[in-house]
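Participant: Listed here are the chains, written in short residue letters.
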Amino acid sequence: MSVIAPKFRLGYFIKHLTDDIFWIIVIITLIGLPAIMIVFFFIELPVLEGELLTPFLAYTMLFHPELSIPLIDSFMNTPFFKIAAFPGFGFAVLIAGATIFVERKLLAKLQLRVGPFYCGKIEGIFQLIADGLKLVSKEIIIPAKADKPIFWAAPLLFIGTAAAFVALIPVAPGWVVADIDLGLLAVFAVIGFFPIITILSAWSANSKYPFIGGIRALYQMVSFEIPLILSLLGVVILTGTLNLSEIVVSQTNFPWIIFLPIGAIVFFITMLAELERIPFDLPEAESEIVAGWLTEFSGMMYGLVQLGSYLKLYAFAALFVVLFLGGWTGPLLIPSTPPEILTGIDAGPISVDLPGSERFIDRTLNADLVNGVIWFVLKTVGVIFFMLIPRGVFPRIRIDLILNIGWYKLIVLSFVNIFIALGLLYSGILGPGGIF
Amino acid sequence: MAVQLPPGVQLSKTEDDKIMTLNVGPQHPGSGHMRLIIKVDGDRIVSCDPDPGYVHRGEEKMAEYRNYITNIPHLERPVIHDSCNILYPYVLAVEELLGIEVPERAKYVRVIASELNRFSYILYWLAIYGIFLGHSTMFMWPAGDRELAIDLLDKLTGARVTHAYFVPGGIRNDFPANFEDVCIRQVNYLEKRLKEYAAIFYDNPILISRTKDAGVLSRQDAIRLGTTGSVLRASGVDFDIRTKEPYDAYEELDVHTNVLKKGDSYDRSKIPWLDMLESCNIIKQALEKMPKSGSVRVKLKPNPKGGNEEVYKRVESGRGALGVYIVSRSKPEPYRLKLSVGSFRNLICMPYLLKGEKLGNMPAVYWGLNYWPVEADR
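Protein sequence lines correspond, in order, to chains H and F.
Under my numbering, think of the first position of the first sequence as 1, with each following residue one higher.
Under my numbering, think of the first position of the second sequence as 1, with each following residue one higher.
Rather than coming from a laboratory, the hints here were simulated on the basis of the structure.
Here the structure is a predicted model, which means the values were calculated and not measured.
Just so it is clear, CB atoms sit at the ideal spot from N, CA and C, and this is done for glycine as well.
Among the hints, a few may not be true.
From the derived model, a few chain H residues whose C-beta atoms are all more than 12 Å from chain F [as the list claims (entries may be wrong)]:
(1) R9
(2) L30
(3) L53
(4) A108
(5) I122
(6) A130
(7) A144
(8) S298
Heads up, simulated DSSO-like pairs for lysine-lysine below, C-alpha to C-alpha not over 30 Å straight-line [as the list claims (entries may be wrong)]:
(9) K7(H) <-> K39(F)
(10) K208(H) <-> K195(F)
(11) K39(F) <-> K148(H)
Using the sequences provided together with the hints, build the complete structure.
Facilitator: Right, dumping it as structure tokens:
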């Protein structure tokens, strides 16, 4: 009522933009160029196909795709690209960051607020960068009586385990960092690491509230891991494989959520509990135990744990998509590349010839990848949306109630799900490999 | 207070290796300006020792050095968001002391201001009750809707909080132009919003499972421990000063007292919500029945003196009975002024309620007592 956020004005925006461009040009010419010169003086330039990769050559490559496309092609097929960029860490961090921003805006709209607004001119899209800069610039305070090596290691272990989880998720046909036959078992193994890290960090802080939070997290995760694993067994029974890529392929015609809705619901609830999200955010219950096991983390250590937990959120949502919603499968949105583009365009006066692009588009950037990624991202975003909504609707639950739900109700429901799967299998309606 | 304990938990032991002492507050997001020394055995609270006094300002002593008019602005400081109600008994007591008869219109305006203030206070309380239970929407909605009630009070009194609106002899100023229409419109809107609160908060299955049977206070214990206000009425005692000892225009208004039976944290949180609906009802009634014109303030003599007597007046505030006791010795200042506040009286039953409860129930029980630390410290 009293404070109304200022409106977005295009004129001011353009003025700011031109100002920024002016200062970027000034700074680059005065500081950047001399600095680059100095760097070039000292470093050794790589040799590419018998030629020295000078900046001039790199600049030339920008305007001659026939030179750069094979380079991109070979780079995209290296394990480094898969681990660091797509479908590994970089892709997951992008989605995790977008999730944080969307969560804040969505929650704000739900609660009649504005949310992040000022940073980044348009609806506060750079708020995350500002928050990251703040966390980086903050002092890291370690409690005097903490077990320092373990306390330091906890955030790194947490984000490392979350990244290991991300590495197991197949995003598009053939696009998975670790394509292993026992993929689902590896997922269970990775999930089993989180309580250990939580209790280690909580205990090493040597403080009361982290300790209580850690114990709560341990109780909650251990009691919810059993229904989580049991709820996924139905899918394994019907597909007859633990390989996540093969599970996706088995859902080409029908996603498993149609036949195993109870398993999907149980998995969704246990997922929320594993992620410590409201209504199951007991380990971080603010009004009871300050911030739970995160109380003593400060600065970028806290930032790493937060990033890790959002990576975990993405990985769980992606696992839900892979197991129940059919992963990358879906109607063809972008058709296969016509042969004219592969061989070059020859239409009247226009003639484009791109040697090398044929192999690139055929091998790497094909329609399978593009369609698969689009469907996968759409489904994952949908699942994440449903995971964010409870935060605006539910209060926090109590620890005895949560253990009750986990041990009595969800385990029974996941057994019901297994019996449904067995019934479908033995009545001959479905077999390993899905409906064909 | 009879809590079913699991085997192995003993409440009699308070010093043991198993028992951990937690200082909940004053540096704790769930404590307010006070400290609770809580001893837990696992997840059970073995003992709770409230430690108020972090925001003691000596209001009662300060009142002895100021005259009856200059006492007004500082006496409302303990509860700045319920300032009309904390000034109400003081103003009534001073009026009896000085022998002033308040104009009829002023009585109604006082009731309207007091009910609006109660409404905005309960919204604030509800916001914190919501966030204490981890329901962030219930924090934002009342905090946003409270702006409407505050805007009304701003129009009426000229300040968003700390209104200093009630003065001995009436009120500071009459309604601004067009106030009745705006008031009716806003109150109707707020009444509609209250139904939505019930849909998202009070009917929420998780909230019900969490707060039902948390900190049950029986009828006998509620009377024995001297609780007042919403805590007393949630335990099944029909006691509201607005109906039992009506003051000002409450005599002519039809006020309904909300009583619930169980006496757990859920009932204690439901009573203020019912009170808000009742406040809307009272405001509408008062706007209808009040005289449309007339004086709102009696002119006082400069530096008025009371006689050689003692006065006690009490009203129903957002937190329960709020009394002011003034001892006058024929001087412009009170010889002694004593505030009897609902917050402190409800705080007394906290150790009894929390003993044997689970740690997760602590915020629900604590804030369900309708307790405002600053008022308790005075």
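Participant: Each hint: holds or not?
Facilitator: For each hint, the structure was consulted:
1. R9: Its Cβ never comes within 12 Å of chain F, the nearest being 26 Å, so this holds.
2. L30: Label holds. Min Cβ-Cβ 47 Å, cutoff 12 Å.
3. L53: L53(H) clear of chain F: closest Cβ-Cβ about 53 Å, beyond 12 Å.
4. A108: Given that some Cβ of chain F is not farther than 12 Å from that of A108(H), nearest at about 8 Å, it is violated.
5. I122: Non-interface label on I122(H) holds, nearest chain F Cβ at 23 Å vs cutoff 12 Å.
6. A130: holds, 22 Å
7. A144: At roughly 17 Å from the nearest Cβ of chain F, A144(H) sits farther out than 12 Å, so the non-interface label holds.
8. S298: At about 15 Å from chain F, S298(H) clears the 12 Å cut-off, so the statement holds.
9. K7(H) <-> K39(F): Answer violated: K7(H) to K39(F) is near 52 Å, above 30 Å.
10. K208(H) <-> K195(F): violated, 41 Å
11. K39(F) <-> K148(H): holds, 28 Å
In the structure shown, a violation is registered for the earlier hints numbered 4, 9 and 10, in ascending order.
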